[in-house]
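Residue 584 in our numbering is what sits at position 233 of the sequence shown, and the numbering runs on without skipping anything.
Keep in mind the hints are simulated off the structure, nothing from the lab. Among the hints, a few may not be true.
Stated by the list, open to error - Distance condition first, Cα-Cα at most 25 Å in a straight line; then the derived SDA-like pairs of lysine to any residue: (1) 604 - 678; (2) 443 - 354; (3) 604 - 830; (4) 604 - 744; (5) 716 - 504; (6) 678 - 354; (7) 604 - 415; (8) 716 - 496; (9) 790 - 709; (10) 404 - 375; (11) 539 - 593; (12) 443 - 509; (13) 539 - 573; (14) 716 - 790; (15) 443 - 457; (16) 443 - 526; (17) 539 - 553; (18) 604 - 736; (19) 404 - 357; (20) 790 - 839; (21) 602 - 529; (22) 404 - 393; (23) 790 - 826; (24) 736 - 830; (25) 404 - 606; (26) 443 - 545.
Claimed, not checked - So the derived label-pair ranges between C-beta atoms look like this: (27) 392 - 589: 54 to 60 Å; (28) 600 - 497: 36 to 42 Å; (29) 872 - 670: 51 to 57 Å; (30) 594 - 420: 18 to 24 Å; (31) 711 - 870: 26 to 32 Å; (32) 376 - 799: 34 to 40 Å.
Every residue, glycine too, gets a C-beta built ideally from N, C-alpha and C.
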Amino acid sequence: MAFFQEPPRLGNQFDDDPMLRTWLARFLPPMEVGDITAELRGLGDLTCELYGKQLLDRTNEPTLTQWDAWGNRIDRIDVSPLWVEAQVLAAKHGMVAAAYEPRLREHARTHQFAIVHVLGPSLDVYSCPLAMTDGAARTLLGSGNQALIERFVPLLTTRDPQAMWTSGQWMTERTGGSDVSQSETVAKQDASGQWRLYGTKWFTSATASNMALTLARPEGNPDGSRGLALFLVELRDADGRLRDIEVNRLKDKLGTRKVPTAELTLAGTPATLVGAPGDGVRAITPMLSVTRTWNAVSAVSGMRRALALAGDFARRRSAFGALLVDKPLHADTLAGLEAEYAGAFCLAFRSVQLIGSLEHDGATKDADERLSRALIPIAKLLTAKQAVACASEAIESCGGAGYVEDTGLPRLLADAQVLPIWEGTTNVLSLDTLRALGKGGALASIAHEIETHCAAATDAGLAAPVAAARAALAHATAWIGEAMTEPERLEAGARRFAMTLGRALELALLAGHAQWCQDHGHGGRTAAAARRFMANGVDSIDDHTFADTRLLA
């Protein structure tokens, strides 16, 4: 009889994730854990059903129809049936709303992102508009513009699928992405006082959304970032027609192909000024904290999905006389990936805790703000790189099937690749980390965070990981103290410095969580992850001569 390989199957993505289960048991209010566990277990079953739909719907990508049969320009974007279903599920299960509901206060973000972590990977990157929707709601709440808050925040944070709006985020122009100071979009007021936008947005994600936040330069404002203002755009009128917006094309991307990403021309698009006419860059700061945290959580949820499929495949695939999972080298490879996932999970969900704390008053708010200033950019940059590496290894561990599109496995890597790019590349965020440290108190906060978790890890089996985290922190602290007087050396080493701080944070958080798990009867798996994470390497600081850099670059 001919052989046919059994494909990997997805199990319940709550039950199969001990990191998520123990984290929630540790940090959620005890009286809430039971109900939230039941909720997430139900979502874990739903993820399996939706994963099957993903595979069947793999080639159904967004389409743009610019003209109707009679020559009218309509610029209609159609999305896949799963995306239509995803909006209903996202609203119903509170993937944005849970963060804004008062019941759990500072724990609301942990609840929200646990939902995102379990359900998000089965929704064909619908996390993209949800991240921007969440960021828009937080930005409006921080704007002080009461009229916009009352009108739009309830739409962005509702659980009613018929009422929920999503928001886009239009910052990228032909002049560049992260350097928004060169933005060419101009805002002019017409005779009635209505602001209208003119320009081209080169890359607008989730263009099928109801609204968007965007930067533009009010006519007469100075060049540079200080001349930019933040505007809210409602994309369509009451009849569903775009309001003086032309969709030039949909972008043909490596991954996230289910997300309708477009190049737009704004031809007098009506817009509402959100804050002060020259305060746009400062106004989007709350948005960046939220969307970068979404990026970090999406990275770890993508890692979890890749490992779930690779692990199941290893238990189904026989080669050279045994199952792959019983082959020492294959098991060693998967173990190294599981350790990376565990560290990344801790850092991403520590970021979640910080934004939850900052959104509620408390005695530690100032300390949390100093910590988040550096930790959230580090979490975004490091988890994104880990997600790409993990996806690559996971599909490789499935052999040739991992390279064949209709298995669905290559999408894991293609979709992961957006994570180090969106919301700031690794290099941009490394420089952001240096700027955050330059404001004072941030490095001390990072050091205090690492030491707090290291000190909590008292088991002898965690002594080596604790020592490695402390040593990496000490090296990073010494290096930046020396490099601060040499601008070129400081900038050249920014990535290695940020990565080292990030991995020291991950290892310290992982060791602290491992101690809690052992103390509360959850076994030694997390401690094993800490030891393996340490073995994977923590400290990457290594000065290179500028002469060699110039020769090579």
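Hints, one by one, checked against the model:
no.: 1; hint: 604 - 678; result: violated, 37 Å
no.: 2; hint: 443 - 354; result: violated, 43 Å
no.: 3; hint: 604 - 830; result: violated, 39 Å
no.: 4; hint: 604 - 744; result: holds, 22 Å
no.: 5; hint: 716 - 504; result: holds, 24 Å
no.: 6; hint: 678 - 354; result: holds, 21 Å
no.: 7; hint: 604 - 415; result: holds, 15 Å
no.: 8; hint: 716 - 496; result: holds, 23 Å
no.: 9; hint: 790 - 709; result: holds, 18 Å
no.: 10; hint: 404 - 375; result: violated, 29 Å
no.: 11; hint: 539 - 593; result: holds, 19 Å
no.: 12; hint: 443 - 509; result: holds, 9 Å
no.: 13; hint: 539 - 573; result: holds, 14 Å
no.: 14; hint: 716 - 790; result: holds, 17 Å
no.: 15; hint: 443 - 457; result: holds, 22 Å
no.: 16; hint: 443 - 526; result: violated, 39 Å
no.: 17; hint: 539 - 553; result: holds, 20 Å
no.: 18; hint: 604 - 736; result: holds, 19 Å
no.: 19; hint: 404 - 357; result: holds, 18 Å
no.: 20; hint: 790 - 839; result: holds, 19 Å
no.: 21; hint: 602 - 529; result: holds, 19 Å
no.: 22; hint: 404 - 393; result: holds, 17 Å
no.: 23; hint: 790 - 826; result: holds, 21 Å
no.: 24; hint: 736 - 830; result: holds, 23 Å
no.: 25; hint: 404 - 606; result: holds, 18 Å
no.: 26; hint: 443 - 545; result: violated, 36 Å
no.: 27; hint: 392 - 589: 54 to 60 Å; result: violated, 42 Å
no.: 28; hint: 600 - 497: 36 to 42 Å; result: holds, 38 Å
no.: 29; hint: 872 - 670: 51 to 57 Å; result: violated, 37 Å
no.: 30; hint: 594 - 420: 18 to 24 Å; result: holds, 23 Å
no.: 31; hint: 711 - 870: 26 to 32 Å; result: holds, 28 Å
no.: 32; hint: 376 - 799: 34 to 40 Å; result: violated, 25 Å
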